[in-house]
Amino acid sequence: VSDPKSLFRWTRVLGSTSTLAHMSASRWALSAFLVWYIGSLLVAAIPIPAQIHHPQPIAEVRDSALSAHLTPWLDRAAGVVWAIATRLSRSVAPIRPLTGSLLVQSGLAQRWDMFASPLRYDDYLRVKWYVSPAGALARKASWAATRLVLPTDREDRVRGPASLRSFSMDRPLASALDRFHPSGNPTDTASLQAFAEALRPAMRYLTRDFESQRLDRAERVSRVEVWHGRSDLPPPDVATSPRRALRLEVLRNYYAGAIEEPVISALYSPYFAVQTEGDIVWTLEYIEER
Amino acid sequence: VTSGRLFSRVGVLEAWQAFWFREIPPQVYALLRIALGLVGLIGLLALTPVDAFWPASGILPEPGGGFGLRQQLQAIGAGDPFGYALYGALLVSFTCMTIGYRATLATAAAWALTVLQARWNPLPLAGSHRVLICVLFPLLWAHCGRVLSIDAMRRRGQANQDAVPTAIWPLRLIRFQIAVIYLNSGLSKLLVDQWRDGTAVHYAVSSNLFHRLPAAIPPSLEPVATAATYLTLVWEIAFGVMLLHPWTRRIALIIGIALHVGMGLVMELGTFSLVMLASYVAFLNPERLSLHWITALRRAKRAATERL
Chain A
1 VSDPKSLFRW TRVLGSTSTL AHMSASRWAL SAFLVWYIGS LLVAAIPIPA QIHHPQPIAE
61 VRDSALSAHL TPWLDRAAGV VWAIATRLSR SVAPIRPLTG SLLVQSGLAQ RWDMFASPLR
121 YDDYLRVKWY VSPAGALARK ASWAATRLVL PTDREDRVRG PASLRSFSMD RPLASALDRF
181 HPSGNPTDTA SLQAFAEALR PAMRYLTRDF ESQRLDRAER VSRVEVWHGR SDLPPPDVAT
241 SPRRALRLEV LRNYYAGAIE EPVISALYSP YFAVQTEGDI VWTLEYIEER
Chain B
291 VTSGRLFSRV GVLEAWQAFW FREIPPQVYA LLRIALGLVG LIGLLALTPV DAFWPASGIL
351 PEPGGGFGLR QQLQAIGAGD PFGYALYGAL LVSFTCMTIG YRATLATAAA WALTVLQARW
411 NPLPLAGSHR VLICVLFPLL WAHCGRVLSI DAMRRRGQAN QDAVPTAIWP LRLIRFQIAV
471 IYLNSGLSKL LVDQWRDGTA VHYAVSSNLF HRLPAAIPPS LEPVATAATY LTLVWEIAFG
531 VMLLHPWTRR IALIIGIALH VGMGLVMELG TFSLVMLASY VAFLNPERLS LHWITALRRA
591 KRAATERL
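Chains as they are written, first to last, in this note's numbering: chain A, 1 to 290; chain B, 291 to 598.
So that you can see chain A by itself, here it is in the shape it has in the complex:
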């Protein structure tokens, strides 16, 4: 394509010389690039079969006139789209290597399913730092501090333009939960390890921040725990006020700053220990001994 003479010979096979006279060699080359680029975008936009989830018809249609009319139609459309997407995905599999790698390396990969699956629950993360005397060999901590780290912003106030920065701070934690949330089985060490690896960079940063702000030279953090809180979001048309008021009361304790407490017992909570506060169920999902 880079050589106009060879391009000329090639195009003579495809069309008459009078056709060729209408387009310059550089335009032929550019056209080839455009066809490749658009083709690659389209191929890359088709998910691989494992990513296409089979839609089941909605079992219980909501008590809404619009939903009652549209949901059955959309269920049928989803079935058709799923069938076409699955077939297309298999058909383009042989040409994916030709298109995919370059797009991925150049950051032009096409995955646009953001906001496709809104969560039906609220997620929280709180970190508990156990503090021991710096020189002590024993792991026994003397005091602990707990801080809510996800979400960064308060829920009881309007989030203005400044929350743009909080969004960036929440992203590493939220995507760790989204992509690597452990299965809940204590014997599934692989999923626990993947989740720990995803959380570790943020924990390293937050722990350093806590140490610099709160600890003196004679102290050190000996254990870090991350408790994952989850609370179901009420479906539409369900009154939320009492539950919400209770939850905000719980959260306000955290908004006041890190909660500090003496450590009395030498026994630490194991993985998947559960605590409940208001309608938030906390589960211990990350432990780091230091």
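Hints were generated in silico from the structure; no laboratory data involved.
Any given hint might turn out to be false.
Chain B is faced by these chain A residues, among others (derived, beta-carbon under 8 Å) [to be verified]:
hint : residue
1    : H22
2    : L41
3    : S163
4    : L164
5    : R165
6    : P172
7    : N185
Over the 12 Å line for every Cβ pair with chain B, so calculated as not near, a few chain A residues [as the list claims (entries may be wrong)]:
hint : residue
8    : I95
9    : P97
10   : K128
11   : P133
12   : W143
13   : A145
14   : T187
15   : D188
16   : R200
17   : P201
18   : V281
Which stretches of chain A does chain B cover? Using the computed rule of at least three CB atoms under 8 Å from a CB of chain B, they are [to be verified]:
hint : region
19   : 57-69
20   : 73-80
21   : 225-238
These figures come from a predicted structure and were not determined experimentally.
C-beta: ideal position from N, C-alpha, C; glycine also.
Given chain A, work out where chain B should sit, using these hints.
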């Protein structure tokens, strides 16, 4: 191309050339450059404090994978300086892009560094970063510094750059890219229960990670949330087709602006709404924009002369 010739070989070629290689006035590219440059700068502001997201000691993935760049830099103790330098370089390139100083080079640098940024630290990045990369890429090939730029001011006295046309194909690629984003996103949504039963907007707006307003959606507004769910779904899937006719294109763009502004007002989604709205500049009619631009310039000149 007359309808009789359209399907002949010559006709197809002419139509192809008219579609991709027609020349257009440069103002639309200048506006895109400024809009995307500003979004890039806002995105960098969002990624502060700098020590949290840029140096190797910040919230960065553990070394490994990719090109091994992070691992190698950390091994020689250059992870922190590299992170700060990357932030500085991005800041400079987006600033130069916005003001149009060496605009083509600045846009190329902004794209390359934005790709590098995603390699260096993908953890705080969201879908808006991917959109920015994909929209910047076609802009690299456009002459986006011919007007509304420091480059144009420096060239004053030379040929009138307002009148120098440029190729339409980068603009077409941006439009195509946006249509692919919406189609893909709409079809992904169709396979998800919440979008088919009409509850998706309710859950998205209520999520503690995204909502801007502290109050829950009142029951009286639930029908609006249901309608917004279906409107978003249908609009995203139909967006590409609606672009084909001027009337439906206008409707598609108006709905798009309304939805992105609405999303930006009730949800914190980083720079997503901003980058999508900035990319809508690509859907402006280049000739009409140029005409408005030249008329406004003449009026301003006449007013200035009268004042003198």
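Open item on the list: Check the structure against each numbered hint from earlier and tell me which ones fail, lowest number first.
Closed with: 7, 16 and 17
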